[in-house]
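Chains as they are written, first to last, in the working numbering: chain U, 1 to 343; chain S, 1001 to 1365; chain P, 2001 to 2330.
Certain hints may be false.
[To be verified] Below are the DSS-like pairs computed for lysine-lysine, each with C-alpha atoms no more than 27 angstroms apart in a straight line:
id	chain 1	residue 1	chain 2	residue 2
1	U	K318	U	K302
2	S	K1226	U	K226
3	U	K136	U	K82
4	S	K1226	U	K302
[Said to hold, decoys possible] Pulled from the structure, derived: some chain S residues nowhere near chain P, Cβ distances all over 12 angstroms:
id	residue
5	E1097
6	L1107
7	G1315
8	G1333
The hints are simulated quantities; they were obtained by calculation from the structure and are not laboratory data. Note that the structure is predicted; figures quoted are calculated from it, not measured. Idealized CB from N, CA, C, for every residue including glycine.
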Amino acid sequence: MAHRSMRIAGLALLAAATLSPAAARAGKTLDAVRQRGEVICGVNTSAPGFSGADSQGKWTGLDVDVCRAVAAAVLKDASKVKFVPLNSQQRFAALQAGEIDILSRNTTWSLTRDASLGIVFTGIDYFDGQGFMVPKKLKIDSAKKLGGATVCVQAGTTSEKNVADFFQAHGLKYKSVVFDTAEAIQSAFFSGRCQAYTTDMSDLAGARTKTAKPDDYVILPEVISKEPLGPSVRRGDDEWFQIVRWTLFGLVEAEEAGLTQANVDKEKAESKDPVAQRLLGVTDDMGGLLGLDKEWLYRAIKQVGNYGESFERNLGPKSALGLPRGPNNLWSKGGLMYAPPVR
Amino acid sequence: MSEALSAAVREPPPPDGGAVAWLRRNLFSSVPSALATLLLVAGLAWLLPRALDWLALRAVFRPDYDACRALEHRAACWGFVAEKHRLVLFGRYPYSEQWRPLVATLLFVGALAASAHPRAWRRWLLAAWAPVLAAFFLLLRGGALGLSPVDPAEWGGLPLTVVLTAVVVAASIPVGVVLALGRRSAMPLVRGLTTLYIELVRGVPLITVLFVASFLFPLLLPQGLKLDALARVALAMTFFQAAYMAEVVRGGLQALSRGQGEAAEALGLSWWRIQRRVILPQALVLVIPAFVNSLLSTFLDTSLVTVVSIYDLTGALRLALGDPRWREFFLEGYLFVGTLYFACSLAMSRYSHWLERRLARWART
Amino acid sequence: MRRPRISWSTRSGRALVYQAAFLAILVLAGWALWRNTVHNLAARQIRSGFRFLDQRAGFDIGEGPVPYTPDATYLRAFAAGVANTLRVSLLGILLATPLGTLIGLGRLSRNLLVRALSAAWVEVLRNVPLVIQLFAWYLVLTELLPDPASPLALAPHAFLSKAGLQVPLPLWQAGGLVLERPEVGTFGVTGGLALTPEFLALLLGLVTATSASIAEIVRSGVLAISKGQTEAALALGLSRAKVVRRVVLPQALRVIVPPLTSQFLNLTKNSSLAVAIGYPDVVSIANTAINQNGQALECILIIMSVYLTINLVTAVAMGWYNRHVALVER
């Protein structure tokens, strides 16, 4: 009799012990990544130019390259990345829950996201804007003539809010059709359910490459919002935040210093430029200040290439999307890519 | 007198057997019935040849994109299925390792078929299932015996549907039994709380429960503890299904006569012993057909996990239809997946009916 | 010697101890989970509380009877979602019940073809997941209907196109009752009452799937009535149709109404699948809200209470109907 109540009390204590939260521990993503031996990177299920897998399961894209560069810097091997495709509903929840280490999923940096979702953006890897795509046969040449149209937009994105603001600012009415996945929207738009598709310009260009007749669709010139896209990490881990942020800055700096995948070995051995020497770890150990070793950026450049090379490969004029550098060029060439110095 | 006799002797009634009588009884028994038959026969005569033509006679079976486009939807393009069937059936599982989920699923289904006959319901059945389940998860997960590890995030397609169904049903049975016993308990607090839980969970749609799994579970767990997406969904679906299972078990408990419980009490057995040895064995056997129905509805409900981006059979089909070249052949894709679900589901419901009849015979003897 | 009131040896004493222990475990677990949640919310800097309901929503809702603009509050957005849920559920129930009854009676018909086709309808629709049926309906509607710019004119002012079915809408305006007619413009048909393909696909999917379940309920209800009733009625010279309408169905209602209630509730719960095909019901709105402001706990509580309320109201209404309609036996 007595031991039965003891059993109940014991069970209660056990339950209490297992359910109590561990003390809040910040800054342990780097340890977890090192122990695991790979970086877990949240990407888009399919965003041509930013992240996509071919039929053999090999991932390519600008966002993919950012994660690869971090893996090269931290784990010495750019292939030690596990890519987790996420739709727009699950992306923040996955980062908050700790299922992924970096969210590199052409996500717009905004105040609400920085301040209220428990995540923090590390930088901008693509300056984009939101636009509209319409079928050519409607003969529309400006977004201001879209009054009364049915517009397809993805749920839970900044595009949804921006398009509402745009139509309201111009005093136009519209009807929205909202879906959860990009595939569903594109299917609806290309089947004719809605007359306009609105999302980031780079997404529109990518979606157009996927149809049988890309020339039947035209992207309208108006850019209705600023969409700075960049990777983000969980709030509260400053060490990991710095690593991801400075890897991206490092790749931009590398392009400015003229270091490419092809010449990085030669430059490491022979260069007399102090900027290049610091970047490649020949003189100062910048990596050590971040918790890494001094060849962190050398490996990233060697295995992934500098920012410009990554852009050309995935989004540039020779790729399927054929986008110009535009605002994504270096500041010295008239663009907006300006990295603080690695020193 | 002969007139009276001859007046009494009538013509024999028309023959009841034979094709004409059968037709009259089944198809032309009344004017509305005859009209309906004619309309339906006309409709079927128009529809069936065209359907056969579209589905099979002029259809393209090779994975030939140009041939399919040339059809212009006048016939089915089963080439879509031929091209994409591995993506649909196995999801994003690594291409070269797809033999593993195939073998695992066949093993599981074989074990299920073998345990289906009541003659196999012996004590060693549960013990025999343990190695089958171990082999199933080992094949899928890898990491031992020379098999490369495959993360549960990459499981997909039919094996994932099977895993979810099996785990949810197996886990919800004990929880459901406990809830049902609690609902019938004499203690008011226990009864009240379990009734509240059951009614609450049965009143909300499954999608809400899936949202709770994706958005709320990460908040509820302590900081060090992490559950991957599949485990969270399985846990949430278990809690959901347990409420329905509890009602099924409660039906069985109520159907059992009170005499059993009272006799066991008179013999001096403790409450737990009574439940474990007398009440539950009889009650659970009574509701086995209802269990199979629960299994069936869980199997069909797993298709909802596509909303929280878990790529089960339905999710994998949507992934395959994301390919812009093959997007227009969505009808063939949905027919393929729909037929798969239909076949499995029909098999389970027929089994349930057969089992019900068989158990009724057994109970009567 | 007086026995103590609460004693381990009495059943009531033991019950008290067990319940106290059970309560203690529950409270402990609940407190631990609450502490985790508060801690995690603070760590992620997510706000909590229902104050967000007063904020501007900022997104558009494609359709619905509740007047809504992106300037409206989150509260109004949720109200619009609830109105959409009720709209499709009520219409679904109204259409599924007669269809299901007909098919259920069809399964009991003497005509072999009618019996076979009804059985096929029921078997196919009950054994394919509802999500697949909805996706299939939606794709069929959006692919096969004509382009919005050149719609099919079903009647002088009713148009069918990819943008849905558009019919004249009677509006109450200053001058009295005015009919707002749909007009064909550059972007298709504007004005009037628009039943979008999302709404139509959801409605058709729910009605056909639920009619299969209702058919089974009606069939088992009719089979539960003893054959003697039918035979006696036929002996009295009533036609078959009259027998079904006047003798069998009224008695069968007693058996049919309780499971029918749960089918109505199932239809309402199944309407939450709208989030998969883009119909803005309350679950879809909550999904958008969660993604915009991160307040998952509050939004999920809102949708759960909406469904529980609908549940309660329907159960009470059908309970009243059951008592009202149930035949009183001797």
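Against the structure, the hints:
no.: 1; hint: U:K318 - U:K302; in the structure: holds (21 angstroms)
no.: 2; hint: S:K1226 - U:K226; in the structure: violated (35 angstroms)
no.: 3; hint: U:K136 - U:K82; in the structure: violated (40 angstroms)
no.: 4; hint: S:K1226 - U:K302; in the structure: violated (35 angstroms)
no.: 5; hint: E1097; in the structure: holds (27 angstroms)
no.: 6; hint: L1107; in the structure: holds (24 angstroms)
no.: 7; hint: G1315; in the structure: violated (10 angstroms)
no.: 8; hint: G1333; in the structure: violated (9 angstroms)
The structure fails to meet hints 2, 3, 4, 7 and 8 from the earlier list, while all remaining hints are met.
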